[in-house]
Amino acid sequence: MNKPLRRVAMAMMAMIVLLLANATYVQVIRADALRNHSGNSRTLYQQYSTPRGQIIADGKLLASSEPTDSERFKYKREYANGPAFAPATGYFSFVYGRGGIEQAEHEVLSGTADSLALNRLQRMFSGQKQQGGNVELTLNPAMQQTAYDQLAGSGVRGSVVALNPQDGSILAMANSPSYDPNRLASLSSDKQQQAWNELREAPRDPLVNRATSTLYPPGSTFKLITAAAALETGKYDYNSKVTAKSSIKLPKVDAQLPNYGGSTCGTMPTAPLWEAMARSCNTAFAEIAGDIGEKKLRETARSFGFGQDLNVPMGVAPSSIGDIENQAQLYQSGIGQFNVRMTPMQNAMVAAAIANDGKVMKPHLVEKTLAPDMSVLDSTDSEELGQAVSPDIAQTVRDMMVKAEQQAGDEGKISGVQLASKTGTAEHGEGKDPHGWYVAFAPAENPQIAVAAVVEDGGNVGADATGSKIAAPVARAVIRAGLQGGG
Amino acid sequence: MAATSTNPDNREAPGGPGTGKGTGSATSTTPTRRGTELVLLAFATVVVTCALTLVNLNLESQPPNQILYYGVAFLALFGLAHLAVRRWAPYADPLILPLVAFLNGLGLVLIHRIDIGNAAEAERAGDAFSPAAPSQVFYTALGLVLLALVLVFVRDHRTLAKYSYTCGLVGLVALALPAVLPSMIAPNINGAKLWIKLGPLSFQPAELAKILLLIFFASFLVSKRELFTTAGRRFLGIDLPRARDLAPVLVAWAASIGIVVLERDLGTSLLFFGIVLVMIYIATERAVWIAIGLSLFAAGCLAAYSLFGHVQQRVDAWLNPMTSDSGYQLSEALFGMATGGIGGSGLGGGRPAIVPYAKNDFILAAAAEELGLLGLAALLLVYLLLTARGLRAALAVRDSFGKLLAGGLGFAMLLQVFVIAGGVTGLIPLTGLTTPFLAAGGSSLVGNYVLVGLLLRISDASRRPQQPSKPQPQQPPIAEAHTELVERPR
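In order, the protein sequence lines correspond to chains A and B.
Be aware that the first sequence starts at 1, since it is given in this note's numbering, and climbs by one per residue.
Be aware that the second sequence starts at 1001, since it is given in this note's numbering, and climbs by one per residue.
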């Protein structure tokens, strides 16, 4: 009987090997898929059982985890001044997932990132409780607060993005309307559901991060790109004579393209390019676009970042010029109408590139990631996306923007600081009040802040709204907050 | 037959290293290795106590000095079992008892840990809750007492063969009892009719029936071996057994189907059939029985699947744990195991109580979550080691009945581990079997202690130095013999 007994012993060994192989499959090979499975409540409880890391900006606590009395959820996510900072922090909900930095830096905040592996080990052996890492943002809290207050305080919808032109750090990124992430972080799923449904049903999508995701017609702010493209061809310079007509006929179609308010571009039959920019003359820039051609316009737009994937770390919708089928459409595109669409982030990048000698810096929101003990894990290096235009051309456009600022109204002007700016008033459909744009950087000679502000649908002004009336005061307040450290 | 003849030898055998040394007798050349057993028991106690300490550190369940008492009590309990082995089975395999102590101790820690989790859940839901660990401690003690009683009363395992038909009958009745009793006494719990409930006591007669039927089969097969080896017709180069010799297999098969139908218990059915099959194979050394058995098994599976809704449910839950209505338990177990990963969440660091019946059927999933793949692998290897010691005793023991019984007992335990571990890890459809020594449940624990008692007895017989059948008088060397005293043998 010993032979079959030995065989049975071998079979027993094989059975255990089979069990081990299957356990390895479940616990190692399939483990990630199972851990991330939507039905897995353990992962959820896990996230609430250790304190999630903080989100901070310039020493100000934006998001933190506070202990609770609940058995199931040991910590609750709290957002100081939630709506103002929501576009950056995002939300952390166990029903609806995560958004913003909560999503983009989830691994650091939850403590599961590879960069925290050593830290986890240390904590395990020293008997400390596990804890998530922290994320420090590039935001300037005063500017962010000002941007939000400017928009939400006056009840208008829109968005503001402020960048540091030299390194691309995002100084402000505010939206209106916004939402309170605290409501989505409630420990009651009923309350979360209620908040979520209200936000989903609310008009004007408060959950959408307008700064990065909404594509607006840029209006006259796009003339910066048309001008840069024209200067790049070498056929144009600061003083080039361009048409000063109050209205021109669009090629091959029976339609006119007028200047704003039907005015001429100065008193002469022609105007220098800088004056066309300062007065934002549609006729001149439409003809320039027609002259330099679609290819050149696209090329220059692309060098400023159009059509490119960008993560800051949240994804930015690619801006685009849209399809152009004929010369008339090219004329319109040259002044930022027709199918040209830009995010506030992209428009801020254009201003920042001009301010930074033509160099486009990659916008980024995360300054550094920190271990639970606040030692630095990783800091973001500034990254150059490319040279959009030469430093000379950037200087020329900058000079034009200084002239433009003199035409852009006085509201909210900052005494003693020279701004370079461009306004825009974008028509977006019959019977709708225009979007007002204002892109700027300051100080003009030594730029530290580049801003793009958009106020939707005429703001509080209605049909007469212009960028200088509704968007400029918002952006100037943000710049003032940045330069002077207060509202 | 042999019981009376070997009994006096037991008394004379050296009780251990202390008493059996240096007498120069033939028996002292085989070490009893009881000292090894004691050291290993102490080691198991240390591991179990450390495990309890970890649970306590993570969940802050009780004052730390309490744990020391528990550790001492645990060692004392198994120390008594050790003394019983030392007294009544001195040559028994020294690994078996420590391995069992390790499994039982870790099981107690896990049950206690799941108790804490369940208590928190019950408190939130406002339900009453009673912990399972205290009764498991009681059944551990009872099991150890029964183990000692097995060693005391079964001085020679061959005695059991004498009672084989009694065992077989009692076993069959015990197996069938819950099915035929009215549901007042044998309630239907979770779809299976396996328990007998008398007042506050409830037990699963199948656990006892398993051992009794094993004894019967071992004895039956030994006495009827030649029947099974008689070749029938040759077909396709295979010697088929005669049709009438198939009867025992067919009876076992029919009984297994009966269990599925009447008691709705796939696990027990699978276990019984597997044991019978392997025992026939060991007895006859003919693989054709395995082939016949597996074909019957396959046919039975197909029939059960097409006929019974509860079988279809199980299969559906196995194939689609995430989407099936009845797959909640398995999917939660898989989530738990995945969350545990390689190293586990640490004892007290996971959430094994999410899985329904975590301390019974799914205790291996709890172990896999908190101790990780490494812990689960260690547990499975301990089971392999434990059952392999049983097979080792089977190989070494001299009589056929002992071989067959030890082989059957060892294989039975491992098959049970395979069926339940495979079930909770999604390898095979889930069937309700208990994890030996680990899972909460009195009948299973007590039954397995009886099983281990028998293994200890057989391993003792296998290592015991062979006693001469009659004491031989010392013969003086031939050279010194007085020639005139030589006698002609009669």
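Since the hints were made in silico from the structure, they are not lab data.
Incorrect hints may appear among the rest.
Lysine to aspartate or glutamate pairs mimicking EDC-like chemistry, simulated, CA-CA at most 16 Å apart [stated by the list, open to error]:
1. Lys296/A - Glu383/A
2. Lys432/A - Asp399/A
3. Lys129/A - Glu1060/B
4. Lys129/A - Asp58/A
5. Lys235/A - Asp167/A
6. Lys359/A - Asp457/A
7. Lys74/A - Glu1121/B
8. Lys368/A - Glu66/A
9. Lys3/A - Asp1399/B
10. Lys3/A - Glu1060/B
11. Lys368/A - Asp378/A
12. Lys368/A - Glu383/A
Covered stretches of chain A (in silico footprint by chain B; criterion: 3 or more residues with CB under 8 Å from a CB of chain B, positions within the stretch not fixed) [as the list claims (entries may be wrong)]:
13. 13–22
14. 403–409
The following label-pair restraints were derived from C-beta to C-beta distances [what the hints assert, rightly or not]:
15. Ala80/A - Gly1343/B: 29 to 39 Å
16. Tyr1069/B - Gln193/A: 24 to 34 Å
17. Met1322/B - Lys295/A: 20 to 30 Å
18. Gly1343/B - Gly412/A: 55 to 65 Å
19. Ile29/A - Ala1287/B: 43 to 53 Å
20. Phe1308/B - Ala33/A: 51 to 61 Å
C-beta atoms are modelled at their ideal positions from N, C-alpha and C, and glycine is treated no differently.
Review point. Checking against the hints above, which ones are violated?
Key: Per hint list: 1, 2, 4, 5, 6, 8, 10, 14, 16, 17, 19 and 20 violated.
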